[in-house]
Amino acid sequence: MSSTYLGMPSLPVFGTGNLNATESFPQAAKRELKNTQLRANLAHATHTIRDKRENAVAELPDWEEMRDAGSAIKNATMANLPALLEAFETNFTARGGIIHWARDAQEANEIVTALIKETGETEVVKVKSMATAEIGLNEYLQEQGIAAFETDLAELIVQLDHDKPSHILVPAIHKNRNQIRDIFLREMEEVDPGLSNEPARLAEAARRHLRKKFLSAKVAISGANFGLADTGTLTVVESEGNGRMCLTLPDTLITVMGIEKLLPSWRDLEVFMQLLPRSSTGERMNPYTSLWTGVTPGDGPQNVHLVLLDNGRTAALADQMGRTALNCIRCSACMNVCPVYERTGGHAYGSTYPGPIGAILSPLMTGIKSEENNSLPYASSLCGACFDACPVKINIPEILVHLRGEDVDSQRAKVKVPTQMDLMMKASEWAFSDGSHINLLEKGLPIGKLAAGRAKVIKKLPGIAAGWTQSRDIPAPPSQSFRQWWVKEHQSPEPRRNPAKEEDQL
Amino acid sequence: MSARDDVMSRIKSALRDAPPTPDIPRNYRLATNKTAAQRCEQLVGRLLDYKANVYVVPTTQAPAKLAQLLADAESIVVPHGLEEHWLSGLRDDAGSLRIEVDSPEHRLSVSALDSVDAVVTTAAVAVSETGTIILDGSSSQGRRIISLVPDRHICLLAAKDIVEVLPEAIARLNATAPQTWISGPSATSDIELERVEGVHGPRTLDVLILT
Ligand code: SF4
Numbered sequence: 001m002s003s004t005y006l007g008m009p010s011l012p013v014f015g016t017g018n019l020n021a022t023e024s025f026p027q028a029a030k031r032e033l034k035n036t037q038l039r040a041n042l043a044h045a046t047h048t049i050r051d052k053r054e055n056a057v058a059e060l061p062d063w064e065e066m067r068d069a070g071s072a073i074k075n076a077t078m079a080n081l082p083a084l085l086e087a088f089e090t091n092f093t094a095r096g097g098i099i100h101w102a103r104d105a106q107e108a109n110e111i112v113t114a115l116i117k118e119t120g121e122t123e124v125v126k127v128k129s130m131a132t133a134e135i136g137l138n139e140y141l142q143e144q145g146i147a148a149f150e151t152d153l154a155e156l157i158v159q160l161d162h163d164k165p166s167h168i169l170v171p172a173i174h175k176n177r178n179q180i181r182d183i184f185l186r187e188m189e190e191v192d193p194g195l196s197n198e199p200a201r202l203a204e205a206a207r208r209h210l211r212k213k214f215l216s217a218k219v220a221i222s223g224a225n226f227g228l229a230d231t232g233t234l235t236v237v238e239s240e241g242n243g244r245m246c247l248t249l250p251d252t253l254i255t256v257m258g259i260e261k262l263l264p265s266w267r268d269l270e271v272f273m274q275l276l277p278r279s280s281t282g283e284r285m286n287p288y289t290s291l292w293t294g295v296t297p298g299d300g301p302q303n304v305h306l307v308l309l310d311n312g313r314t315a316a317l318a319d320q321m322g323r324t325a326l327n328c329i330r331c332s333a334c335m336n337v338c339p340v341y342e343r344t345g346g347h348a349y350g351s352t353y354p355g356p357i358g359a360i361l362s363p364l365m366t367g368i369k370s371e372e373n374n375s376l377p378y379a380s381s382l383c384g385a386c387f388d389a390c391p392v393k394i395n396i397p398e399i400l401v402h403l404r405g406e407d408v409d410s411q412r413a414k415v416k417v418p419t420q421m422d423l424m425m426k427a428s429e430w431a432f433s434d435g436s437h438i439n440l441l442e443k444g445l446p447i448g449k450l451a452a453g454r455a456k457v458i459k460k461l462p463g464i465a466a467g468w469t470q471s472r473d474i475p476a477p478p479s480q481s482f483r484q485w486w487v488k489e490h491q492s493p494e495p496r497r498n499p500a501k502e503e504d505q506l
Numbered sequence: 001m002s003a004r005d006d007v008m009s010r011i012k013s014a015l016r017d018a019p020p021t022p023d024i025p026r027n028y029r030l031a032t033n034k035t036a037a038q039r040c041e042q043l044v045g046r047l048l049d050y051k052a053n054v055y056v057v058p059t060t061q062a063p064a065k066l067a068q069l070l071a072d073a074e075s076i077v078v079p080h081g082l083e084e085h086w087l088s089g090l091r092d093d094a095g096s097l098r099i100e101v102d103s104p105e106h107r108l109s110v111s112a113l114d115s116v117d118a119v120v121t122t123a124a125v126a127v128s129e130t131g132t133i134i135l136d137g138s139s140s141q142g143r144r145i146i147s148l149v150p151d152r153h154i155c156l157l158a159a160k161d162i163v164e165v166l167p168e169a170i171a172r173l174n175a176t177a178p179q180t181w182i183s184g185p186s187a188t189s190d191i192e193l194e195r196v197e198g199v200h201g202p203r204t205l206d207v208l209i210l211t
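Sequences listed follow chains Y and Z, in order.
No gaps in the numbering here: position 479 of the first sequence is 479 in the UniProt record's numbering, and each next residue is one more.
No gaps in the numbering here: position 200 of the second sequence is 200 in the UniProt record's numbering, and each next residue is one more.
Calculated from the structure, these hints are not laboratory results.
Some clues are possibly wrong.
To give a feel for the contact side, a few chain Z residues facing chain Y, derived at Cβ under 10 Å [to be verified]:
| id | residue |
| --- | --- |
| 1 | 21 |
| 2 | 142 |
| 3 | 165 |
| 4 | 178 |
| 5 | 197 |
Quick list of in silico lysine-lysine cross-link-like pairs, BS3-like style, CA-CA up to 27 Å [unchecked claim]:
| id | chain 1 | residue 1 | chain 2 | residue 2 |
| --- | --- | --- | --- | --- |
| 6 | Y | 369 | Y | 164 |
| 7 | Z | 12 | Y | 393 |
| 8 | Y | 369 | Z | 12 |
| 9 | Y | 52 | Z | 34 |
| 10 | Y | 52 | Y | 488 |
| 11 | Y | 52 | Z | 51 |
| 12 | Z | 65 | Z | 51 |
| 13 | Z | 160 | Z | 34 |
| 14 | Y | 443 | Y | 488 |
| 15 | Y | 164 | Y | 212 |
| 16 | Y | 34 | Y | 164 |
| 17 | Y | 117 | Y | 212 |
In this text, all values refer to a predicted model and were calculated from it rather than measured experimentally.
A virtual CB, placed ideally from N, CA and C, is assigned to each residue, including glycine.
Same shape as in the complex, but just chain Y (with noise of 0.2 Å):
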């Protein structure tokens, strides 16, 4: 199936849209720190999933093999998608639907925009998506004069409160529900005065609110979870039935899909539809999923458009290194087990993917010299967690670590006078050559001592080194090292001629 490629290698075609950082993440961060009722309640939601999807994993035998079957079906995806493109394309057309082509955010944009100018509507429902949310594809309607009404709750609220989400699963989570009551009452018409804060009497409010949107809505828009090459069909997965009204009720709807959701066949679903649930919301299985192929003569819309976007996915495809990070399935299971995401929440990685995928994902799809993405990838403590979650075993702390050298990479192409860096680098080089080189260094220890004072900790460093005591302190240094006290308790140590072995033994 793999096609041979014959013309000229072009450079890679960066993404635009909501895809950047505009400050750097550990100025976001540090910010978003202060927010302690986003801290707390982070903290309560990623534990909470992270308890339920490890329960749900654990239920499975075969689990691994899933997970297995899985990166496996999204390598071949990536390996042949042209091919798996093109059948898509194929069969959803046969079926009554029409498929456009986006090379980027503003083209995306435009082409929704004069899909629904055709139908003469100013007013669009829309199904929570990341691929539109993306493009900026709200804010981009308001300007051309029409109104998108976000429908899943927790996007309701966000969009009510003119806010932005905080995490991709569960976009609300950093309001509390005085905080949801309080916006209700302030942005809903014929809203109950006397509402409560009850989170089901807040669920019928928003239910109230929707349903005259949804059963009078003429166009809906979507994202969509999978496209399956060999039927043509999409799918969307949701709870609430937000999806399921956008997806039946409307004459014309328009989805936007990345084009790297697809899977080559349909029987791959058997394996997302168990490996999605579980890892997402750690349920055995959502409770609604939508399965639409073109058009169902008399059933749905009749006027069914798909959006094929590329915004910077060719570009993380041609990363030999960083395009498995396409592999990924928005099960936000990364975040919730990543200790960075806990403490510091989605917005301070500015893109719309945050936690550990968008550290990977937002670089590749921008370019790593795009405005403050190239500081996205030392957001990770590289524990680890992250990888050993993943349903598709992206190996994130990989390419965390391969996108971290090309920033240094590209930093050094910037300046041409050695950096503190390069110095640093320099003098560890001398220092780590030869173990005299380090016992000299090591008298210089009781100095950092002093340096510390009483306290006992240094609070700031000095140069490039400052970045490291911007929120942390650093423990004063001991007044000798480890090597200085083996050799004062091994007064006539045999002579050391193997050095490794020794590393062995400790």
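With chain Y fixed as given, assemble chain Z with the ligand onto it according to the hints.
Below, chain Z with the ligand alone, put in the same frame as chain Y:
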């Protein structure tokens, strides 16, 4: 160049190292090792977990059970392919229940569907391990809209259509049929992660498993 050609050529250029296509290891469970009774029991447990109402009844008693469940209802909708005998218990009644039939010749409007108390359909297949009932739009299940807009969905499921694992269901289904997979009534956990049943989809789901 069209956007399509442009994107295609970008993809081909990105893949110029010709990455290999791996074999897909399908070493996960493809079939059940449970008896029919065990599958039924598992499905009941899962559905109760999701806060659906479940009744296991012999097929012959289904009409009576349906009549009992709909004792207070004033109107229901059924798809045109639903076999008449399921409704016999309802028809016997003094005729106070209005039964609307949705068919290709007579499609009910959204507002008509919004005003009925319940919808009665069958199901194509159910997966006991995940507690999932799958509708595929065939004539006894109807258009997707009729099992969505009414606030209560009563689903008749033949026990022989219960499989244990998802791959068994996939093998039985036709991909291009419009499908709805239902695992309990609609729910949200968007407010402080507290699960609330019943948002936009039918707030009540009754499943009659017919043995
Ligand atoms: S990278 Fe893996 S764990 Fe993270 S969202 Fe994507 S699929 Fe889930």
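Indices of hints not satisfied (ascending) = 10
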